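Chemist: First to last, the sequence lines map onto chains A and U. Take the first sequence: its position 51, counted from the start at 1, is 90 in our numbering, and no numbers get skipped. Take the second sequence: its position 386, counted from the start at 1, is 450 in our numbering, and no numbers get skipped.
In short, the hints are calculated from the structure, not lab data. Since this is a predicted model, take the numbers as computed values, not measurements. Each residue gets a CB set at the ideal place from its N, CA and C atoms; glycine is no exception. There may be inaccurate statements among the hints.
Footprint (simulated), chain U over chain A, 3 or more residues, beta carbon under 8 Å [as the list claims (entries may be wrong)]:
no.: 1; segment: 41-51
no.: 2; segment: 100-108
Under the rule of at most 25 Å between Cα atoms (straight-line distance), these lysine-lysine pairs were calculated in the DSS-like manner [what the hints assert, rightly or not]:
no.: 3; chain 1: A; residue 1: K71; chain 2: U; residue 2: K118
no.: 4; chain 1: U; residue 1: K391; chain 2: U; residue 2: K421
no.: 5; chain 1: A; residue 1: K94; chain 2: A; residue 2: K164
no.: 6; chain 1: A; residue 1: K71; chain 2: U; residue 2: K145
no.: 7; chain 1: U; residue 1: K466; chain 2: A; residue 2: K52
no.: 8; chain 1: U; residue 1: K136; chain 2: U; residue 2: K391
no.: 9; chain 1: A; residue 1: K64; chain 2: U; residue 2: K139
no.: 10; chain 1: U; residue 1: K328; chain 2: U; residue 2: K75
no.: 11; chain 1: A; residue 1: K64; chain 2: U; residue 2: K466
no.: 12; chain 1: U; residue 1: K421; chain 2: U; residue 2: K486
no.: 13; chain 1: A; residue 1: K212; chain 2: U; residue 2: K221
no.: 14; chain 1: A; residue 1: K94; chain 2: A; residue 2: K75
no.: 15; chain 1: U; residue 1: K229; chain 2: U; residue 2: K69
no.: 16; chain 1: U; residue 1: K139; chain 2: A; residue 2: K75
no.: 17; chain 1: A; residue 1: K175; chain 2: U; residue 2: K221
no.: 18; chain 1: A; residue 1: K72; chain 2: U; residue 2: K145
no.: 19; chain 1: A; residue 1: K212; chain 2: U; residue 2: K118
no.: 20; chain 1: U; residue 1: K229; chain 2: A; residue 2: K72
no.: 21; chain 1: A; residue 1: K52; chain 2: U; residue 2: K357
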Amino acid sequence: MKNFTGKVLFLDKSDINTDEIIPAKYLTEITKKALKPYLLEDLVLDGFNAENDIKGKSVIITRDNFGCGSSREHAPWALEMNGFNLVIASGFARIFRQNMFNCGMMAVQLEEKIIDRIFNNCAGKETLVQTDLDSKIFAISTDDFSEEISFNISNFDFALVKAGGWVAYADQKY
Amino acid sequence: MKSKKRTIAEKIFDFHHIDTPSENIRVISLDAVFCHEITTPVAIADLETRGMDKVFDTSKIKVVIDHVSPAKDSKTAMQGKILREWVRKHKIQDFFDIGRNGVCHAIFPEKGFVRPGFAIIMGDSHTCTHGAFGAFAAGVGTTDLEVGILKGVCAFKKPESISVKITGALHEGVYAKDVILALIGKIGVNGATDRVIEFSGQVVDNMTMDQRMTLCNMAVEAGATSGICAPDRVTVDYLWKFIKDQYSNREEALKEFRRFAPDKGADYTDIINFDVSSLEPQVTFGYKPDQVKPVSEMGDVKIDQVYIGSCTNGRLEDLKIAASIIKGRKISDSVRAIVSPATPEIFSKSIENGIIKDFMDSGFCVTNPTCGACLGMSNGVLAHGEVCASTTNRNFNGRMGKGGMIHLMSPATAAASALTGKITNSKYYSAT
Ligand code: SF4
């Protein structure tokens with residue numbers, strides 16, 4: 040099973056699409072590893088610099104409809120290759136969300152007001168998310184703030200994460 | 065017993081139900097798994113690594129090389145090579161390589177591979193196009209594709225549908241593309257996330273299959289899992305040449321297909337009534353497909369390139385409409401224009417009926433069938449700061465080339481824009 044604990048990269052924008060996560064021109068790569076340098080290369084966001092800001096982080100917290108656009112699984116892979124196994128957002132595009140769990144990664148939706156609160160309290164500061172998968176709780180903390188937030192994923196999503204993805208799960212069952 | 069009134073998607077899901085691994089999740093069997101060279105090679109590589117390089121049914125896997133064709137460099141050549149070798153190894157029957165290939169969502173329906181009631185997946189977000197036939201067709205990622213190839217199943221959320229009733233009558237010069245752009249503008253890029261858009265109403269009833277495919281093609285741009293139109297006489301007529309041996313007459317086929325028509329009183333999460341009587345030609349103005357306004361409100365927007373093609377609007381009807389506008393006229397000196405018929409059959413018919421000559425005489429570059437510029441990989445990539453009037457479906461930042469701006473529009477608007485070098489309403493250029 041993957042690791043879901045780490046420092047947070049905040050992306051304060053809704054509708055971040057798959058082209059922004061990994062531009063289409065890299066779809067010709069046939070290995071996941073080759074995608075590593077290009078994560079979020081085309082994302083235009085005030086003060087965001089992919090090269091500096093991604094380093095050392097392993098959780099993304101963002102707004103609504105993250106991962107909209109194409110079906111490319113290159114988006115979760117580019118995240119995975121950079122050590123991001125967990126994205127927390129107020130909403131996800133369907134295919135992206137499914138791709139994450141299919142890879143044994145997590146895309147967890149929290150209510151918009153909770154996401155707002157996290158942004159207000161933590162964005163701009165060094166923030167850590169610790170995940171307790173079995174109790175379904177995120178512990179979110181900065182120097183001067185901490186909060187425990189429970190989250191919900193379906194039994195199926197949970198089973199996919201435990202199995203390490205959909206191929207392993209389906210191979211056992213169908 | 066079965067008294068629950070069901071939507072089209074619910075009927076298809078019930079018909080294909082295999083498992084309920086979690087309350088809201090359904091695992092369904094698949095009638096077809098479509099594959100192209102961008103997303104399939106990674107799936108193949110992963111299956112090989114896992115020691116699971118098998119296919120569930122060689123007759124239900126349909127394969128095309130379409131995105132970058134001919135290959136433009138060693139990497140795209142390698143993607144084609146991997147796909148070819150895999151097809152040969154597994155003796156997959158339906159494979160469309162260069163010369164016989166076309167854009168996936170145009171060629172697979174044209175070959176009769178999509179039928180009412182089918183459940184289909186592909187590693188491509190615009191797979192929703194095939195819902196035009198009353199099928200549940202959804203784009204999936206590589207892992208779903210792998211499991212589809214291996215086991216012929218896929219997991220989805222229990223389907224919820226939005227009913228979109230399109231009523232009124234379309235003005236001349238207003239097309240399916242304008243309808244879907246306006247709808248996306250109305251409900252937003254997230255307006256149908258995780259849901260199926262079920263299209264109905266007299267405007268849809270009057271649409272040809274080409275037009276219904278344009279409509280369903282862009283359902284995903286509003287976040288929808290699939291667009292769907294109920295199968296009707298138009299569907300039967302389109303499919304007749306493929307199914308005529310299975311049914312004694314068209315009525316019989318229609319009756320069977322109507323099993324997948326929605327029940328009156330089925331449950332929808334939302335019902336949207338959309339009267340298109342006053343709809344004008346639409347165009348996008350930003351980097352999201354819901355940033356839409358009427359062409360008449362665009363003002364002077366100069367363009368550098370016109371692109372007519374893609375799985376949205378590269379079909380015969382689209383080309384005919386565009387050709388009727390540019391025929392006998394020259395494109396603006398300030399513009400370069402590209403047309404890519406979506407399949408060899410469309411290309412060939414366009415040669416027979418003279419459309420290709422019309423395009424060439426007016427100054428268009430005619431390319432072979434391929435996705436090409438639509439995804440910014442070949443055949444018309446934009447330079448930084450350039451603007452494209454495009455009949456494709458996605459205007460994301462960088463989609464057709466880094467720093468380029470894409471305005472989505474109908475083939476008629478694109479053709480008129482080619483003549484003036486600015487985004488232009490086609491009504492000023494009625495057919496000669
Ligand atoms: S034409 Fe464009 S949108 Fe359609 S399948 Fe090809 S790349 Fe995708």
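Chemist: Next step is simple, just say for each hint if it's right about the structure.
Modeler: Now the hints, each set against the structure:
1. Remark: the segment 41-51 of chain A is not confirmed as covered by chain U, as 0 of its residues place a Cβ nearer than 8 Å to a Cβ of that chain, below the required three.
2. Remark: the segment 100-108 of chain A is confirmed as covered by chain U, as 4 of its residues place a Cβ nearer than 8 Å to a Cβ of that chain, reaching the required three.
3. At roughly 22 Å between alpha-carbon atoms, K71/A and K118/U fall within 25 Å of each other, so this suggested pair holds.
4. Among the hinted pairs, K391/U with K421/U is consistent with the structure: their alpha-carbon atoms are about 9 Å apart, no more than 25 Å.
5. Taken as a hint, the K94/A and K164/A pair is honoured in the structure, with Cα atoms around 15 Å apart against an allowance of 25 Å.
6. A distance of roughly 19 Å separates the Cα atoms of K71/A and K145/U; the hinted pair therefore holds under the 25 Å criterion.
7. Using a Cα cut-off of 25 Å, the hinted pair K466/U and K52/A holds, with the two alpha carbons roughly 20 Å apart.
8. A threshold of 25 Å between alpha carbons decides the hint, and for K136/U with K391/U the separation of about 32 Å lies outside it, so the pair is violated.
9. The hinted pair formed by K64/A and K139/U meets the criterion: a straight-line CA distance of about 11 Å does not exceed 25 Å.
10. For the suggested pair K328/U and K75/U, the alpha carbons sit about 13 Å apart, so the restraint of at most 25 Å is met.
11. For the proposed pair K64/A and K466/U, the alpha carbon gap of about 10 Å is at most 25 Å, so the pair holds.
12. Our distance criterion of 25 Å between C-alpha atoms is met by K421/U and K486/U, whose separation comes to about 23 Å.
13. In summary, the hint linking K212/A to K221/U is supported, as the alpha carbons are separated by about 18 Å, within the 25 Å threshold.
14. A hinted pair counts as satisfied when its Cα atoms are at most 25 Å apart, and K94/A with K75/A qualifies at roughly 12 Å.
15. This hinted pair checks out: K229/U and K69/U have alpha carbons roughly 18 Å apart, not beyond 25 Å.
16. The suggested pairing of K139/U with K75/A holds, with an alpha-carbon distance near 17 Å, which does not exceed 25 Å.
17. Pair hint K175/A plus K221/U holds up; C-alpha atoms about 21 Å apart against a cutoff of 25 Å.
18. Straight-line distance between C-alpha atoms of K72/A and K145/U comes to about 21 Å, which keeps the hinted pair within the 25 Å bound.
19. Note on K212/A and K118/U: the hinted pairing holds, with a Cα-Cα distance of about 16 Å set against a maximum of 25 Å.
20. As the CA atoms of K229/U and K72/A are separated by approximately 46 Å, the hinted pair breaks the 25 Å bound.
21. For the proposed pair K52/A and K357/U, the alpha carbon gap of about 23 Å is at most 25 Å, so the pair holds.
Going down the numbered hints, you'll see the structure goes against 1, 8, 20, while the others check out.
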